[in-house]
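Listed below are the residues making up each chain.
2 protein chains.
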Amino acid sequence: MAEIETAFEDEAFGITDRLISDVMQAVVARDGEAVSALLDPLHPADVAHLLEQIDARDRRHLLVVWPGGLEGEVLSELSESLREEVIEQLAPSELAEAVRDLESDDVVDLVEYLDDAQQEAVLGALNATDRLVVEQALSYPEESAGRHMQSELVRAPEHWTVGEAIDYLRSDVVLPDQFYHIILVDPRLKATGYVTLGRILSHPRATPLRDLAEDTFRTFHVTQDVEEVAQAINHYHMITAPVVDDDDRVVGVITIDDAMMFLEEEAEEDLLRLAGVGEGSLSDRVIETTRQRFPWLAVNLITAIMASFVISLFEETIAGLVALAVLMPIVASMGGNAGTQSLTVAVRALATRDLTTANVWRVIKKEALVGLINGLIFAVVMGAVGVVWFGSPMLGVVIAVAMVINLVVAGFAGTVIPVVLEKIGVDPALASGAFVTTVTDIVGFFAFLGLAAAWLL
Amino acid sequence: MAEIETAFEDEAFGITDRLISDVMQAVVARDGEAVSALLDPLHPADVAHLLEQIDARDRRHLLVVWPGGLEGEVLSELSESLREEVIEQLAPSELAEAVRDLESDDVVDLVEYLDDAQQEAVLGALNATDRLVVEQALSYPEESAGRHMQSELVRAPEHWTVGEAIDYLRSDVVLPDQFYHIILVDPRLKATGYVTLGRILSHPRATPLRDLAEDTFRTFHVTQDVEEVAQAINHYHMITAPVVDDDDRVVGVITIDDAMMFLEEEAEEDLLRLAGVGEGSLSDRVIETTRQRFPWLAVNLITAIMASFVISLFEETIAGLVALAVLMPIVASMGGNAGTQSLTVAVRALATRDLTTANVWRVIKKEALVGLINGLIFAVVMGAVGVVWFGSPMLGVVIAVAMVINLVVAGFAGTVIPVVLEKIGVDPALASGAFVTTVTDIVGFFAFLGLAAAWLL
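Chains A and B, in that order, are what the protein sequence lines are. So for the first sequence, my numbering puts the first residue at 377; every next one is plus one. So for the second sequence, my numbering puts the first residue at 377; every next one is plus one.
Any given hint might turn out to be false.
Same chains, same label: a pair holds when it works inside one copy or across any pair of copies.
[Said to hold, decoys possible] When the alpha-carbon atoms are kept at most 20 Å apart in a straight line, the in silico EDC-like pairs for lysine to aspartate or glutamate are as follows:
{"no.": "1", "residue 1": "799", "residue 2": "604"}
{"no.": "2", "residue 1": "742", "residue 2": "431"}
{"no.": "3", "residue 1": "799", "residue 2": "601"}
{"no.": "4", "residue 1": "741", "residue 2": "664"}
FYI, nobody ran anything at the bench for these hints, they're computed from the structure. All values reported here derive from a predicted model rather than from experimental measurement.
Build out the structure end to end from the sequences listed, making use of the hints.
Here it is in structure tokens:
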């Protein structure tokens, strides 16, 4: 009988700080039985989570003290940066046992980024049929539906009845662990529709399956981007997305739980790219993290030097009125922030397909207008600050006008730049930030110092 | 028979620019039949998408020309900012017809943020039973599992067999549109486990349901945060999450497709909050968008003024060497970017529960160390720039040392600030940016100008 677990109240699902410290105590005492007693009842996702929370040395000790404890599912749940490390530590026999029970798509996820020797070790542990399925999937492009589909699925001839389907399912056929639809196929194995299990269960045996088929049926090609499939699953509230080959034969399915994972990864990727962090994960080592952060900082340095060059054009102006040096970062900073606001909304809307050629001009005009209105408000505020702080009404006017210019430019550039990048095939999440900040820095310093040179000196 | 649709290749799922312009032409020609012919075959999610792409005036005309066309599901798919506008335009009878076929959780989603008059209009269109269910859900706190659960579900006594379950499902009982599990209950209606439909279909009629129950069974309380439930669904790969009341009786379920929506919303919220955009959506009006952007820009203005104040402390230093004004934004900008990198990783890791008390110190040390290494590299680069550009080795040393200090501080503050905000109950996505930038601006200007004052003049 299944055991009831109450809702988790801890910070990290089934894992508490207490549990971690108990496990580590048992590891230090080299008490394998105690470790098993603590870890065996956990869901594989929780074991993976625990392994991610402790440091590399503790992980190594834990795996030594807990021999044979690691199930294949824990490996699939582990973050990519830890998989290689953990797999390296497993004896070939342990690895073989761990991967044997995984579904084909989980094996593919597990091995696709391993080095050749490790990949071969995992594939070698599979039986010939499973290995063939995995190698077939690996032959499709990275990020394609074919690469990530689950090949275990349930098909039925479209002329079958409910009774025939039930008899088939009750026979000794091998079924996927989880399935929610039966896919109908014609005599040439072409997919023609699908039926939910709920409808099959609630209709008499004589009912033809085709009468129970869902109204809409969408299939996806093996080479289609798996993220697009995941977006369609989300958009159309599908549970299973059938994947077909060139002859329209169903060769696999993308399930909603995998789609959820792909969308999570996509959202995380966009977030991290916008912040210039690339593919980073918390469990990466120092040197890896340093390397991931470096390129964006380097790009930012070039940007910052370009901005400094603009300032250097006005050295004499600044020498004549040092107050300009005090106030100039304000204009650039406000522009940078307004630009980031616009570009984040644009990048997100491009990802969710809400920003399209149909509405792009309306959005650009709107963003520029929002920049104008906020610019006018802050112009008044900063004008007053200029007067009060430095007692110069004209300095107030200069900073106010520069502010308006920069906030309008920020709204415009913050939308146009991501849209153009997307059009020319560059990921807008990755590159927009640097371009937009360059524009707002340069425009900000140029407008403020240029106006000051013209009107104040 | 279901119709096959090929994989979408357009930018926005089923919606192409061509379709939008065809629809708008038919609207201009006031040709209701042509509009119906174009829109009726579309999935409700696609109709909603189309309504979001066109502007408010076109939307108004479209709804006038396409009377009675709008299904309830289109309303649930619409972004929140458009719902009020569209509902206002529907005649009471149209609204009644639209909402009558929705599942209870969709009605709740639809009405929860409507004003009282509109809410009453929708509730009034429901029959007494449905209305009771919706009002019950609305009595649970916002964002709770009880508020968002689907109350339609399938329960069975735990002592039933497969045959009894099938006979029950085939009787004239009302079933949910979609269901994937049967939830087992004891005589007091307490939930004790659940069985997937796939296992029921693949076992003989005599098999007891309890023998087919899933190994793990988790329930969630009606008052639990629905985002937590969604995270658990994702973490544990569940399809259905049973929601129970104080007596452990199942009163509803959160399904994986809704969980997917909640996680998407959460990820979007974090992304937009990090960029200081609040709850913005592309279809908000100018004035709303201006209002959403304003607070963050105002906070940034205060931050920028504080940074300017630090600069003003060194007016004499700058007057003595204008090159300082040229170079100082570089140090602040690099610190700001490094800080944003660290804080984005930290905010994301807090959201996914990867950053916990168990590893927080390790992460803080790592981030500071990453800052130190990158700081040293950029210090060498900037030192060289200082020497080459301004011919002053000492200026090079000043900017190099300031760079190292600011990047270490950025790594430290970028992690500590979000963690502390989370601990004291403030959303780290919302507030971290302002704090971290303040720290890196002030430290950057202070270190650079302070060292310059001490060593150069």
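- [ ] Would you list, in rising numerical order, the hints stated earlier that this structure does not obey?
- [x] When the structure is compared with the hints, none of them turns out to be violated.
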